[in-house]
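In case you want the letters, here they are:
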Amino acid sequence: MAKYTPPEQSKAMQWVDIIFVVAAIFFALWFPLWMGWAGVSRAIEKIDNPTWEALGQTPAQVEQWVKLGFADAAAAHDIIQNKFDYHIDWMQLIILAIVIIGYFVFLFQASDKEYREVIDEKFNGK
Amino acid sequence: MWITVVNIGWAVSALLVAWMVYDWFRIDSTYSEATLTSSREGEIEAASEKHKL
Amino acid sequence: MAKAAQASSSAVQRVSLLRVLGPAHVWALGVGIVLVGEYTGWNFAADKGGTLAALIICWVIGLLYTSVAMIDSEVTSTVAAAGGQYAQAKHIVGPLMAFNVALYLVFAYTMLEVSNAILIADTIKAYAGEGFTDWHYRGVIATVIVVLAALNYRGVLMTLNVNFVITAIAYLAIIVLFFSVQPWSQGAVLKLGEMVTPENALPYGWIGVIAAFHWGIWYYLGIEGTTQAAEEVRSPARSLPYGTMAGMITLLIGASLTWYICASLMPWQYLGFTYYPLLDAGKLTGSAALETMMFVATILAALASANGCINDAARAWFSLGRDRYLPQWFSAVHPRYRTPYRSILFLLPIALAFAFIANLGQAITFSILSGILQYTFMSINIIKFRQKWPLGTIRRGYTHPFHPLPAIVLFILCVVTYFAIFLGYGAQLTAMVVFYIVMSLWFHFYRYRYVRRGDQFTMPWPKPNGY
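In the order they appear, the protein sequences are chains X, C and Z. Note that the first sequence covers residues 1 to 126 in my numbering. Note that the second sequence covers residues 1 to 53 in my numbering. Note that the third sequence covers residues 1 to 467 in my numbering.
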């Protein structure tokens, strides 16, 4: 098999490639923020005029809360009542599964194709 | 105290960035690109560790 | 005349990274990156599933990482090149996989570095008092990132010597704290039975334990970074497995002690909320000396981690340039300091930009996601490695036992972790994978044309089975 000789890349195009990679990284980080996806699915279950008992804290636990600077139950209310919502959105889960599996299938298949060329040139080309 | 420490930190950071950029330009203009990018993966193994079973 | 002579001699002169590191440096690199996870991050597992869930996943994820360390030690003791898992992927799976792995590495480490800088700034801000403005907050971040980058620029030996010292101090602080709270007599300082009750141990039930896998990763994330030093270690086949395994044992002990101290001192809701569980534990002992010690240790742990991250991310980026996966310009080695100086300089403003603007939770989640994608790759990688080069066909510095059990355990735990991240962070996970798909398409259909085919395979191995 003929040895593959890559084309020379111009300095300007090298910069274009670098800028593309950096832009993609920044985009990946900020896109979920713009879309408001970065938030976690959780909500504060409000209790009016909370007491330590209503928040389910034992006296020993209250002692630690106070040492940590939470003078009364109202101060700790938002932390204690901030609950996760673990109901499963099956549609989203299925989409996610397809995306991840599709990604890995493409990754391994395309890699294998490229890998065969590498091995051919390295071992069979001699 | 932290205020002073942080202000010194800014100054030190600026100095270090200046030094790194200076050193970068100095090295890039002293040595050829071929020398600088002459590192090759695995060459040390090939030279120093004979691959025997 | 002199200049001409220098130019002609430098035409043949070769510069490469310097082989100066020993097993202690490997330990310092691995544990240094990870130990900050004990100081912050692991405790969000309590947020997702309660204090008991945090303990369960401490050990289950410990199993995941023991598999990672075993698998990684075998492959890397054979493929000893800078870039670590990147070079492994290139020799065992193929170029596109290698490109993705390098991106996982750069992402995981840069985002971790950013998180560390933000953590240090937050910690100092909490103690600085009046007059500490945004300017000062950013000053802390800038100082951390720039000083550590300069240290990395100046040479790897000094960088990892510093890491060894500060990591050891931060680790000793956990041990000292553990013995100062009289762990042998519950009730004196520690009140495990009163903080963790049957009613609140698993507030969300078992689904909470699954969800907690997400943050459990933070107990150990980055231990696999030891392999990045492969090209700078004096005897990689021996030092890498030894340093990595020693690091893993250190971390398992540290994680268990940390859980025991914090779970015995804080109600689970607070534990899941705070950014500095060990510092709070120091505060709750009522001793100003212990509190100060944990304050210093938190900062040192974050510094060690950021330092190791700069080291690792730069080497992954450098390797990408060396194979022309990215412009070759990045593969320059400093002729005097023998470091990948252009990669270090290039990543510096990127880290700074993210640390100034990005959101901490986002940065950490991206780091975890990149890590878990990488572990999924590793579980498949080792199976392929044993298929293409069965035992006895090439010399391995270390051969991991019970194959393929660790690979299967690792794969299953990765799948569970994807599900755990989905619980609460599903959209981000999808967005992240879409990012990697776009990058993969870009590489496969465009960028790969600039890569020399046969040159990528650099190991002196026989032809793989089946090709």
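Hints listed in this document are in silico derivations from the structure and should not be mistaken for laboratory results. A hint or two may mislead.
Calculated cross-link-like contacts (lysine-lysine; reagent style DSBU-like; alpha-carbon spacing at most 35 Å) [what the hints assert, rightly or not]: (1) X:Lys113 / Z:Lys463; (2) X:Lys46 / Z:Lys191; (3) X:Lys83 / Z:Lys191; (4) Z:Lys191 / Z:Lys125.
Bear in mind that the values here come from a model prediction, so they are computed numbers and not experimental data.
Here is how each hint holds up against the structure:
Note on lysine 113 (chain X) and lysine 463 (chain Z): the hinted pairing holds, with a Cα-Cα distance of about 16 Å set against a maximum of 35 Å. Proposed proximity of lysine 46 (chain X) and lysine 191 (chain Z) is supported: the alpha carbons are some 29 Å apart, at most 35 Å. As the CA atoms of lysine 83 (chain X) and lysine 191 (chain Z) are separated by approximately 25 Å, the hinted pair is consistent with the 35 Å bound. For the suggested pair lysine 191 (chain Z) and lysine 125 (chain Z), the alpha carbons sit about 30 Å apart, so the restraint of at most 35 Å is met.
Consistency note: the structure conflicts with none of the earlier hints.
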